[in-house]
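K.L.:
Single-letter residue listing:
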Amino acid sequence: MTSAFVIEQILNGVQFGVMLFLMAAGLTLVFGVMGLINLAHGSLYMIGAFVCAWVSGWIGSFWIGLVAGLLAAAAVGALMEILVIRRLYQRDHLDQVLATFAMILIFSEGTRWLFGDQPLWLDIPQLLSGAVDLPFGVSYPLYRLAIILVGVALAIGLYMLITKTRLGMQIRAGESDREMIGALGINIATLYTVVFALGAALAGVAGSFVGALQSVQVGMGEPVLILAFVVIVIGGIGSIEGALVASVLVGLVDTLGRVFLPQFFALFMEPSAATSVGSALSSTSIYILMAIVLIWKPKGLFAAHD
Amino acid sequence: MKNNLLKTLSALAVSTAVGVGGMASAMAENVKIGMITTLSGGGSSLGIDVRDGFMLAIKQSGRTDIDVMIEDDARKPDVAKQISDKFIQKEKVDILTGIIWSNLAMAVVPPAVRQGVFYISPNAGPSALAGKACHENYFNAAWQNDNLHEAMGGYVSAEGHKKPFILAPNYPAGKDALTGFKRFYTGELAGEVYTKLGQTDYAAEIAQIKASGADSVYFFLPGGMGIAFMKQYSQSGVSTPVFGPAFSFDQGILAAVGDAAVGVKNSSQWSKDIDTPANKAFVESFQKEYGRLPSLYASQGFDSANLIISAVEKAGGAKDADAFRAALKAAEFTSVRGDFKFASNNHPIQDIYVREVVKEGDVLTNKIVAVGLKGHANAYVDQCKM
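Chains P and L are the protein sequences, given in the same order.
Position in the first sequence (from 1) plus 22 gives the number in our numbering.
Position in the second sequence (from 1) plus 583 gives the number in our numbering.
If we strip away everything but chain L, and leave its shape as in the complex, we get:
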């Protein structure tokens, strides 16, 4: 990791020096990638996993013609915007990637792609960028925000639950989440609650769940909010089964939630037990490199890098924008999640799995128990006119 950074920095120094001297140099042909991600503060584990997965793929490719610059946005939209301006204007990057949060993506992506830079999203997939504000230079290698919630809505219906209680924070991604859930859940709801963003005490909501006569609970509370909710829920004496998207039950977070999470069903486009050679090799090499199990964010970072590498290979670099775009769109790489291709709005068509939290020895992890949605794209394809 450190070596890579050093290499990048020295390559940068050399290329600037050469540029000033006015000489043509092989360095100028390198593909430059700027990664803006969250490496400090709350939610830094997501950015760290995306970065580590991404850099692992770059390392495994053995390519020396790809330079990656990494900067921390501290989860702040204004910081992310400044870094992207610097990457585009000063460093002249070909590709941007790395953003975790949808509100940051909305600040950075539209102006960046309008300036002819490519953006490959390893995480955030806000509905606007999949629909009306879609762009030919924007590709999402993870999911559209609604996807995991849609899969769980369908699953909760199919499992015969008649009265789920659903809750999410009161902000755009929270509303997208419950909208996604309701798009595929067909019955009636026991209740629908929006909590304050960043809320850490859920006593009032848990009492409401108890009083509502719900037969199941679906919640989208990313990061620390979900951990607090699960801890308090398990103490409350309620035994209604809980469902959620992978975000609150993924590898990085399970240890914190503790045994309260065992048995919870959650939806994900990736799982460490997907039985393909590519995934096995990924899980093994990630564990070897970093000494921990990969999370879904790590898998997304890994896939984003491999997508870029495949396109660089096919188009012979990123300088010919049309060729590079066509090569990205073809997505000729082996995704660790299995089948992967792009819908017409450059978001994945993929399977979404339902996983269950299990205990393997002392380690909490997930195993796949069902396929939630097969070959699923997203609800915004028709709104996107490219």
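In isolation and in its complexed conformation, chain P is listed as follows:
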């Protein structure tokens, strides 16, 4: 095992982590500000990927597709908030879960109806294809490196937005006291729509990026949604910093667990048994991480409400 191998796996973990962050950020914002559990967040991820694949197949440019995916996800998010979600803020979480679960079904069947059952294909842009050489003898796919950079840039941007701008101030105020900022003359309804659309746009970007790496198909959002929930629970519900730290943590634990757990068991077991025990354990590693964090800090690493 060389240092190049370990560095490459760490990069893989970070890349997975920043993609998770884009999903988790929207989810945690919506929960933090509006107290809403949105199961349909994965559908916004899927919508971003489908629109990106469709537009880039049509126009022939991944970048235009990416912008289209972002806008489409934001637009659908805003529409969803105005038409449905708005009615759910006063209800309890069970009603929210039911309604947003129904939206998953509607979006999935609607997408199947529009695009069919076959996966769509989205190619990695020419500009970012192939691998690059990094220090320490690491050769790494350029596209994944670009994902890390874009993810980090978006995380910084989001942090600036929340800490330095007026909108961010309103969002933070909304997190701590919803009624008060309404009383201070801020249009809560617009604020909620904007926050929801922002979260949707981030999910759409994540979907577009990942779509080019994997495949664009109905139901692609739900596995990521589950991981995003794990992330926001670990990070502390409502906390953006928490979401970032927890995303990278989950990304690293999952990737490194997949690689090193089987090798660890191979030290004292026969190879085939070690592979199966190792891979079985590695698929549960992030849930074990979540359990440990919750025992130590029951409200997550960066609890927003104490």
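Note that these hints are calculated values from the structure, not bench results.
This structure is a prediction, so every number in the text was calculated from the model and none was measured.
Glycine included, each C-beta is placed from N, C-alpha and C at the ideal position.
Careful: at least some of the hints might be erroneous.
[As the list claims (entries may be wrong)] Part of the chain L face toward chain P, derived, beta carbon under 7 angstroms:
hint : residue
1    : K779
2    : T783
3    : A790
4    : A794
5    : G807
6    : A811
7    : Q818
8    : S819
[To be verified] Computed, partial: chain L to chain P, Cβ under 7 angstroms:
hint : residue
9    : N753
10   : G757
11   : A786
12   : A787
13   : I810
14   : A839
Chain L: place on chain P using the hints.
P.N.:
Same frame as chain P, now just chain L:
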């Protein structure tokens, strides 16, 4: 297609009506086939191809005494089981067929054959049904699950590769696959990895392949998993040659994998360039009927239907179970894959070819480059006591 379905439905309506009236009818003599296959969701392209190949053979036979009912299992074992119960108890089918996935086959086949229904498998061939749980009414017209992997194991050995890295999903068919590979591959391995079923990001595994010093890669990742793997592999800057079973390099999937697949060797019991009149006619008529090239799944559906038709012809229907069973076992039909007969556990004895992905004009397709295993049966013949 639509016509056939309509015909089937109206025939059904008539036969039920007549049945209620208590009159004897010629319709009651028809052979009834229930097809349970995957027509929606992930993996639907497999079921669609099996169905289209099957219905093409029925159409070409020109027989009006065979009714086919088709239902979608959506890749769910419980749905498949419900449909099979309905087919057996309500529709009183003689024959079931169509299942793509081994876990669905394990849920449906054993209870169905115990009730005296015949099952002809156009795809799934789990080891249990070839070995200890084999049954005289169960016939597999495709392959036993291990077959294609065994052929590739032998081929990778024969090509002089000394350190293959092998990977498959962590579920029974994945384990069967790597077991099959290792049964015929004789050297040492650079690594053996089981991934999560349904995993779509293979960055960690690709880095492991790179670091392992492997001289070749063998993977069994059916459906979308394989497409994602190949896309990411081609971007990773690794140039170690890749081998696989036909499932990840077949006609339906090649367009999605793209140019990354060119040059990949894969094993299959069928290929569109098998040079027999039956195969040429099949490829041509399939293309004419559906406007696309057939896949190996389509060929399996086509062969399954022709096997059934040959047995119906020989036994004069499916009502005399012993005669029908003997006629199936004789397998007196012309398989599009060439020589075909049944081993004692009702699984095929056939040649497994090694194909290479090539580009014909703009279309990616396969051509045969070698014979992997000649007249190959399966490893479970001795475990089957019928």
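K.L.:
Quick check on L/A839 please, does its C-beta sit within 7 angstroms of some C-beta on chain P?
P.N.:
Interface hint status for L/A839: holds (5 angstroms vs cutoff 7 angstroms).
K.L.:
Holds or violated: is the Cβ of L/S819 closer than 7 angstroms to a Cβ in chain P?
P.N.:
With Cβ-Cβ at 5 angstroms, under 7 angstroms, it holds.
K.L.:
Can L/I810 be said to touch chain P, with a Cβ gap under 7 angstroms?
P.N.:
holds (6 angstroms)
K.L.:
Restraint: L/T783 near chain P, CB-CB cut 7 angstroms. Satisfied or not?
P.N.:
With a closest approach of 4 angstroms, the L/T783 hint holds.
K.L.:
Given a cut of 7 angstroms on the nearest C-beta pair, is the interface hint for L/N753 held or broken against chain P?
P.N.:
holds (5 angstroms)
K.L.:
Hey, does the L/Q818 contact hint survive, CB to chain P under 7 angstroms?
P.N.:
Cβ of L/Q818 sits 5 angstroms from chain P, so the hint holds.
K.L.:
Per the CB criterion, is L/A786 less than 7 angstroms away from chain P?
P.N.:
With a closest approach of 4 angstroms, the L/A786 hint holds.
K.L.:
Would the hint on L/A811 stand, with a C-beta cut-off of 7 angstroms toward chain P?
P.N.:
With a closest approach of 4 angstroms, the L/A811 hint holds.
K.L.:
Next item in the hint list is L/A787. Is there a CB on chain P closer than 7 angstroms to its CB?
P.N.:
holds (5 angstroms)
K.L.:
Let me know if the C-beta of L/A794 comes in closer than 7 angstroms to any C-beta of chain P, holds or violated.
P.N.:
holds (4 angstroms)
K.L.:
Should the hint that L/G807 touches chain P count as held when the rule is a Cβ pair under 7 angstroms?
P.N.:
holds (5 angstroms)
K.L.:
Could you check if L/K779 really has its C-beta closer than 7 angstroms to a C-beta on chain P?
P.N.:
It holds, given that the least Cβ distance between L/K779 and chain P is near 5 angstroms, below 7 angstroms.
Violated hint for the displayed structure: number 10, the only one.
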